[in-house]
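Trainee: Let the hints inform the model, and build the full structure from the sequences given.
2 protein chains.
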Amino acid sequence: MTTADWIAADWGNTNLRLWALDAQDTVLAEREAPQGFSTLEPGDWEPLLLATCGDLLAPDRATPVLICGAAGSRGSWREAPYRTVPCLPNGGAEAVAVAGTDPRLSVHILPGINQLAPPAVMRSEETQVAGFLAGQPDFDGVVCLPGTHTKWVHVSAGEVVSFMSTMTGELFGLLSKRSILRRTIAAEGHDEAAFLAGVEASFRDPGKLLNALISLRAKAIVAGLDPVLARSTLSGLLVGADLTAARAYWLGREVAVIGAEPIAGHFAKALAAQGVPVRMAEGHAMALAGLVAAHEVLA
Amino acid sequence: MTTADWIAADWGNTNLRLWALDAQDTVLAEREAPQGFSTLEPGDWEPLLLATCGDLLAPDRATPVLICGAAGSRGSWREAPYRTVPCLPNGGAEAVAVAGTDPRLSVHILPGINQLAPPAVMRSEETQVAGFLAGQPDFDGVVCLPGTHTKWVHVSAGEVVSFMSTMTGELFGLLSKRSILRRTIAAEGHDEAAFLAGVEASFRDPGKLLNALISLRAKAIVAGLDPVLARSTLSGLLVGADLTAARAYWLGREVAVIGAEPIAGHFAKALAAQGVPVRMAEGHAMALAGLVAAHEVLA
Chain W
1 MTTADWIAAD WGNTNLRLWA LDAQDTVLAE REAPQGFSTL EPGDWEPLLL
51 ATCGDLLAPD RATPVLICGA AGSRGSWREA PYRTVPCLPN GGAEAVAVAG
101 TDPRLSVHIL PGINQLAPPA VMRSEETQVA GFLAGQPDFD GVVCLPGTHT
151 KWVHVSAGEV VSFMSTMTGE LFGLLSKRSI LRRTIAAEGH DEAAFLAGVE
201 ASFRDPGKLL NALISLRAKA IVAGLDPVLA RSTLSGLLVG ADLTAARAYW
251 LGREVAVIGA EPIAGHFAKA LAAQGVPVRM AEGHAMALAG LVAAHEVLA
Chain Z
1001 MTTADWIAAD WGNTNLRLWA LDAQDTVLAE REAPQGFSTL EPGDWEPLLL
1051 ATCGDLLAPD RATPVLICGA AGSRGSWREA PYRTVPCLPN GGAEAVAVAG
1101 TDPRLSVHIL PGINQLAPPA VMRSEETQVA GFLAGQPDFD GVVCLPGTHT
1151 KWVHVSAGEV VSFMSTMTGE LFGLLSKRSI LRRTIAAEGH DEAAFLAGVE
1201 ASFRDPGKLL NALISLRAKA IVAGLDPVLA RSTLSGLLVG ADLTAARAYW
1251 LGREVAVIGA EPIAGHFAKA LAAQGVPVRM AEGHAMALAG LVAAHEVLA
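Here the protein sequences come in this chain order: W and Z. End of the first sequence sits at 299 in the numbering used here; the numbers just go up one at a time, nothing left out. End of the second sequence sits at 1299 in the numbering used here; the numbers just go up one at a time, nothing left out.
Because the hints were derived from the structure by calculation, they are not lab data. Warning: the hint list may mix true and false statements.
A few chain W residues facing chain Z, derived, Cβ under 8 Å [what the hints assert, rightly or not]:
#, residue
1, R178
2, G207
3, L213
4, I214
These stretches of chain Z come out as covered by chain W in the derived footprint (C-beta under 8 Å, 3 or more residues) [as the list claims (entries may be wrong)]:
#, segment
5, 1159 to 1171
6, 1176 to 1182
7, 1268 to 1275
Over 12 Å on every C-beta distance to chain Z, these chain W residues come out as not near it, computed from the model [unchecked claim]:
#, residue
8, D22
9, C87
10, V96
11, T148
12, T168
13, A197
14, A273
Note that the Cβ used here is the ideal one computed from N, Cα and C, for glycine as well.
Mentor: Here you go:
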């Protein structure tokens, strides 16, 4: 194994993903570790990083490591204060150096972005937006990043103008795994018609959500609702509620959905059903592209 | 300790509450046990009942025990099939006998009520409604029973005409204890102005809920939102979303809120803020009154 010229990492609440790169930004290796802000104490980050990529580090020099995500949250490895909109999504110029690391490491953490009114925060999605803009510098529209907390980011003239967040992914997880609906919801499977009907139900009657959710349980008891249809309807209800909350963002704009399958595809289908022109990009690839773009600014 | 003439019990998903009564339905003793459908296997119910009230049973005869709630769910102690609306809330005539119990016990379980379209189910709330109507036989309006799954019950001419459910209480628990908001939400405390502002926000813009929830976290990070205000706002947002979903029930009707403080009071305040005439009744007292009324039908 050759050693890395530098390492790019996306380190969030629950997961580390890193790429070892050569001087031409070609990927030499990609690694993952299933730990992040939700489980790590401040002293845990460096040992876990070394355990994940120590074999990729040259023994006789400090390898640059550039990290985006919750690693820069307060109470995390090292706080990297938020920048405030409007601003460039590429935060490379304001990356924060982490002092006192192993001599084989030279770690910088990218800042997140906040918005004061209405209040909103993000960490790592801005880097995915930067990666997307590196390939589509003239994009003017809205970037949708579905996830635990979906982000809707209005991009114009290369800047993040405004953004908002929704709790869709986390709520889906809580409802399908930890609520009474867990008895009713299949662990996997997707029925597109049921999904789109759920989206439409949330669109048609957004105020009915708290009834629509528990009605899935009643439909299972009273009418034998199939668990895969229940899962797909739940997903549709929440994606529909997400799109309803974000209507001011996507209405009349071009939307780029950045994320992982299958959820990115679900958002794209729901948007397309509203007549919105959608393009798609893969989330990890955009994170890497954004880290490369930030590394160029920092270097 | 004298022995009971009969025992009334409300046995739900997480809790048993029972009353030992004499022949005049005077309460001799009240007991609780923190177990129910969510933790008990079918063979666990009778031993737990005996452990909770065995000392109140006469040794030489079978004491009638009348139970409402999830004890009658499928997969529970003994299924008591649902009755279907429209029907009387008092299910005493269709109580199901539990065979093969200890000779000191003669157990009957009350049925719940279901509705085929739109699908809805309830167990125990119908008995609280029966208890309320026993004291207010001419009530014509809507009974609101806030809880894990709030019920809105349209009562007319002594019958349950229709009802619906919302997931408000369970969602509040999941969000405040198991979601990212747990870092932001105080464990207790209530600010009425923040609560009512949350109700109003859900009323004004019901489609924004998934954004309003996660925005509490952003407000804490960006603007130092106080945890008690965050808790009160979350409660208001969800109660407002509940009222929004149930608008067709309470609009233009008199509403009786049956439940326990503080949540019953929160619902009453939110309804009053919409100009709805509200009366209140205590939930456990109504369950007991409903069990007494059902016992009279059964006996």
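Trainee: Run every hint past the structure and note whether it holds.
Mentor: Going through the hints against the structure:
For R178 (chain W), the suggested interface contact is upheld, since its CB lies about 6 Å from the closest CB of chain Z, less than 8 Å. A cut of 8 Å between beta carbons decides the hint on G207 (chain W): the least distance to chain Z is about 3 Å, and the hint holds. Evaluation of the L213 (chain W) hint against chain Z yields a held restraint, the C-beta minimum of about 5 Å falling below 8 Å. Of the supplied interface hints, the one on I214 (chain W) holds, with its beta-carbon coming within about 4 Å of a beta-carbon of chain Z, less than 8 Å.
Counting residues of the segment 1159 to 1171 of chain Z whose beta-carbon sits less than 8 Å from any beta-carbon of chain W gives 7, enough to reach three: the coverage restraint holds. Closer than 8 Å: that is the beta-carbon criterion, and the segment 1176 to 1182 of chain Z has 3 residues meeting it against chain W, so the requirement of 3 holds. Residues of the segment 1268 to 1275 of chain Z lying with their CB closer than 8 Å to a CB of chain W number 0, which falls below the three-residue condition for coverage. The Cβ of D22 (chain W) sits about 37 Å from the closest Cβ of chain Z, beyond the 12 Å cut-off, so the non-interface label holds.
With 12 Å as the threshold on Cβ separation, the claim that C87 (chain W) sits away from chain Z holds: the shortest Cβ distance comes to roughly 15 Å. Every beta carbon of chain Z lies more than 12 Å from that of V96 (chain W), the smallest distance being close to 17 Å; the non-interface claim holds. Residue-level check failed: T148 (chain W) sits 8 Å from the nearest beta carbon of chain Z, not beyond 12 Å. Against chain Z, the non-interface label of T168 (chain W) is violated: not every CB pair exceeds 12 Å, the least being about 6 Å.
At roughly 14 Å, the least C-beta separation between A197 (chain W) and chain Z is larger than 12 Å, which holds for a residue marked as non-interface. With a cut of 12 Å on Cβ distances, A273 (chain W) stays outside the contact zone with chain Z, its closest approach being about 17 Å.
Hint compliance for this structure: hints 7, 11 and 12 are not met, and every other hint is.
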